[in-house]
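Heads up: the protein sequence lines correspond to chains A and B, in order.
Numbering that gives the first Met the number 0 puts the first sequence at residues 0 to 347.
Numbering that gives the first Met the number 0 puts the second sequence at residues 0 to 294.
Rather than coming from a laboratory, the hints here were simulated on the basis of the structure.
Yeah, the Cβ is synthetic: ideal placement off N, Cα and C, and Gly gets one too.
It cannot be assumed that every hint is accurate.
Stated by the list, open to error - Not everything, but these chain B residues come out facing chain A in the computed CB check (under 8 Å):
| # | residue |
| --- | --- |
| 1 | His-101 |
| 2 | Asp-120 |
| 3 | Gly-124 |
| 4 | Glu-270 |
| 5 | Ile-281 |
To be verified - Covered stretches of chain A, as calculated for chain B (at least 3 residues, CB under 8 Å):
| # | segment |
| --- | --- |
| 6 | 100-110 |
| 7 | 148-161 |
| 8 | 268-282 |
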Amino acid sequence: MSTRTAFSPGTVPLRGAAPTDLQARALRDLGRTGRWRPAEALFWLAALASFFFLPDQHLLLTEVVILGLFALSLDLVLGYAGIVSLGHGAFFGLGAYVAGLVSIHLTGEPLTGLLLGGLAAGVLGFATAPLLLLRASDLTRLMVTLGIAMLLYEAANKAAWLTGGADGLQGVWIDPLFGRFEFDLFGTTAYGYALAVTFLLFLIARRIVTSPYGLSLRAIRDNALRANTIGVPVGRRLVAIYTLSALYAGIAGALLAQTTMFVSLDVLAFHRSADVLLVLVLGGVGYLYGGLIGAIVFKLLQDVFSTITPEYWMFWIGLVLVVIVLIGRDRINAAPLALWHRIRGGAK
Amino acid sequence: MSTATTTTRDPALMLTILIDGIAYGMLLFVLASGLAVTLGLMNFINLAHGAFALMGGYATALLMNRAGLPFLATLPFAFLVPALIGAVAERTLYVRLYRRPHLDQVLFSIGLVFMAVTAADWLFGSQQQLITLPAWLQGRFELAGVAIGRYRAFLILVCAALVVGLQFVLTRTRFGARLRAAVDDQRAARGLGINVGVIFASTFAVGSGLAGLGGALGVEILGMDPTFPLKFMVYFLIVVTVGGTAGLTGPFLAALIIGVADVAGKYYAPELGAFMIYLLMIVILILRPQGLIAR
Numbered sequence: 000m001s002t003r004t005a006f007s008p009g010t011v012p013l014r015g016a017a018p019t020d021l022q023a024r025a026l027r028d029l030g031r032t033g034r035w036r037p038a039e040a041l042f043w044l045a046a047l048a049s050f051f052f053l054p055d056q057h058l059l060l061t062e063v064v065i066l067g068l069f070a071l072s073l074d075l076v077l078g079y080a081g082i083v084s085l086g087h088g089a090f091f092g093l094g095a096y097v098a099g100l101v102s103i104h105l106t107g108e109p110l111t112g113l114l115l116g117g118l119a120a121g122v123l124g125f126a127t128a129p130l131l132l133l134r135a136s137d138l139t140r141l142m143v144t145l146g147i148a149m150l151l152y153e154a155a156n157k158a159a160w161l162t163g164g165a166d167g168l169q170g171v172w173i174d175p176l177f178g179r180f181e182f183d184l185f186g187t188t189a190y191g192y193a194l195a196v197t198f199l200l201f202l203i204a205r206r207i208v209t210s211p212y213g214l215s216l217r218a219i220r221d222n223a224l225r226a227n228t229i230g231v232p233v234g235r236r237l238v239a240i241y242t243l244s245a246l247y248a249g250i251a252g253a254l255l256a257q258t259t260m261f262v263s264l265d266v267l268a269f270h271r272s273a274d275v276l277l278v279l280v281l282g283g284v285g286y287l288y289g290g291l292i293g294a295i296v297f298k299l300l301q302d303v304f305s306t307i308t309p310e311y312w313m314f315w316i317g318l319v320l321v322v323i324v325l326i327g328r329d330r331i332n333a334a335p336l337a338l339w340h341r342i343r344g345g346a347k
Numbered sequence: 000m001s002t003a004t005t006t007t008r009d010p011a012l013m014l015t016i017l018i019d020g021i022a023y024g025m026l027l028f029v030l031a032s033g034l035a036v037t038l039g040l041m042n043f044i045n046l047a048h049g050a051f052a053l054m055g056g057y058a059t060a061l062l063m064n065r066a067g068l069p070f071l072a073t074l075p076f077a078f079l080v081p082a083l084i085g086a087v088a089e090r091t092l093y094v095r096l097y098r099r100p101h102l103d104q105v106l107f108s109i110g111l112v113f114m115a116v117t118a119a120d121w122l123f124g125s126q127q128q129l130i131t132l133p134a135w136l137q138g139r140f141e142l143a144g145v146a147i148g149r150y151r152a153f154l155i156l157v158c159a160a161l162v163v164g165l166q167f168v169l170t171r172t173r174f175g176a177r178l179r180a181a182v183d184d185q186r187a188a189r190g191l192g193i194n195v196g197v198i199f200a201s202t203f204a205v206g207s208g209l210a211g212l213g214g215a216l217g218v219e220i221l222g223m224d225p226t227f228p229l230k231f232m233v234y235f236l237i238v239v240t241v242g243g244t245a246g247l248t249g250p251f252l253a254a255l256i257i258g259v260a261d262v263a264g265k266y267y268a269p270e271l272g273a274f275m276i277y278l279l280m281i282v283i284l285i286l287r288p289q290g291l292i293a294r
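Bound-form chain B, shown alone:
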């Protein structure tokens, strides 16, 4: 009991937890950013988003453990493999479902999740995929008396760069403008000569690739086994619904809130478990049904 009271009042520890939470939240955002576009902007309910994260995580784990590649060298593959598969899946399967009722989208993507989970189990076994991080990413360092995990700091830097990059592409580039136009009004966008199909396919591919990259970065802290897409499906959906469908800022905020709440909850009130997150989601949705930042 006495340790609990001292730990709750230890500001340095609170900062450590905060930084852990931010790293976790940023990772969640990278994982869910593709979904923020397909579900948030395009209004397509894709429960199978986690399957692409699974591919990325497995790409990294297998390349490291079986081919002996270094961690950083596997990350491009963790992006490219799911991105390619995502592009093919979008052109052949998803494209038929954009205009279908939400129920169809739910059924279709749950089916894909079931297939991905069992396929991963069949191909690679049901065990956790473990990786050994390079030495320079292991351990902790102290900054002004606050202990920070090196890998957490690495995650924050990489994910922050991705967040800035994504926001830049979406708001400042020609591609981003075309995507926003295609999402807002497909017919008008087509009329202006924008190739909506290509825009959607490449967005879907990049979103899947980012999920894969998130999966690869998350192997160390989220764990990676065949049930990953089911276990984290709710988290991705929460990030998008709580964040709102106006752009990427809302989901980013939501991811940070959920990351910090989850880490702090697990530390200070472990008996509550994932209870905190679901409760937080329901409360936020009651207060702001449209999400934090509404369109």
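Just chain A, same shape as in the assembly:
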């Protein structure tokens, strides 16, 4: 991996070289990992094509994209910083509620609601991130993230005067996007909007994780102690990425509130946090596309399972989780590549 050559004793042969050479080499390596691959372009072209060629599916596709963005936000902390969170739904839900409330009390302009929803979640992320640094134990982190999500759920449930409690937030209305594109019943504007926002946020996330900062995150994930000894400010880095991830999750929640024009307690429920973990794992952790691909697979699975047993599709989702873990996540994620190599090997 290029991380190795950039930071480890692998650079020792260059001992005599001037520091500028080292810098140039590091930059070149970074540039190489940051370069766009043909498959990536293909992925986004397919996404764009789906907007024009699948007009009947826009409602479903909007859900997929929002779930994908939410999973992408989790990938930033789980895949790149190694933080296991069971409460990511807190940020998603907060973003949704803030976006809904903004449309009722402030303005129906979508971008304002989107920004404020994301910001509110980001602030919550920034405020709660220090709790994750208490002790580098997965269990404490799990409990703190879960606890915050539960707290928020209870708060939204009890503050019925603000959130509508169990009845949900009534009267959310979103004005046309840029004053021109009305949010229609077929979800066309909604899908275009969600897709554009997701693509933009993806570009930013991609830039971040391929930067030296992103490399330092991976160093922390692989070994926080060693990262610390080579001078990576572990605490500050984790707070920063957690805040960013919370912001992303908040924007995903705001998108959901705006495109469905409804917010209920369901956005803060525990199953959101569990589902998004499953989505990310289905697609693969730690390469940014996992969340988006996982969201497609998850929605397809959900569709298939609901047609078999409408009430009990959760059972099959649970079974999928158990089977994935028993087979091994690495093996499943490596399977497509192995298959590809086998096909190419056979063709030779």
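With chain A held as given, fit chain B onto it using these hints.
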């Protein structure tokens, strides 16, 4: 308003609430004691612990309502059924995951919870399972002017006996010593000829059985429906994380604190709901990240 001020100052009522809270806390401890060992001592994140409690609760409810067995006679089944299933699950499934990353353990056990919840729903319907306690456990009695529910007193006695028994087994018996050795250093324990696999499997089975027993005892005061494992998962986890991973004393203290706080909170500040518990957990974890009693 006037009733609220009089009730808050009524010492007899406060004692009643305290005793209710202690009974609730002790029940929580019995439910979570298995988790205190697997999660606390063995460091295995098992979110599916509540599924075994569900089995116990359903065993008791179904045996009472469909087979007409008396309450006490169903309790052995409430222990044995989940214990057997726990032993099988440990040997076939859990054993593969002890060395895996925590994320895998979380995913795997959430999957099991989802399956258990929907399976119970499919098999027995989504309604609450209700039982009728025998007459001698119903109602209240007065002790020095303090009203105590008979069932609460029964819970305290049974759970206290279990707590003492567990602590004795863990600290004073050969099995307990072997378990502690296996948990502290598996390789060294194996080297000394301890069969770690059997120790873990039997511990897991007993822990699952105790969860089942807790579920059965809790049908009356916690309620029992298919979503039980999800609803109480957080409570079990809180007991273990707040208690700390040094042994059973910490989780026991934590269970008592949470039991009393929950009952008192629901009585004096019902508008806060479960808010109290989560807040308490986060505060305790900020002050003592390693739990109340750290290793």
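To see whether the hints hold, each was checked on the structure:
1. His-101: Because about 4 Å separates B:His-101 from the closest Cβ in chain A, which is inside the 8 Å limit, the hint holds.
2. Asp-120: Since chain A brings a Cβ to about 7 Å from B:Asp-120, closer than 8 Å, the hint holds.
3. Gly-124: violated (11 Å)
4. Glu-270: Hint on B:Glu-270: holds, closest Cβ of chain A at ~6 Å, below 8 Å.
5. Ile-281: Hint on B:Ile-281: holds, closest Cβ of chain A at ~5 Å, below 8 Å.
6. 100-110: Our answer is that it is violated, as 0 residues pass the Cβ test (under 8 Å) against chain B, missing three.
7. 148-161: holds (count 6)
8. 268-282: holds (count 5)
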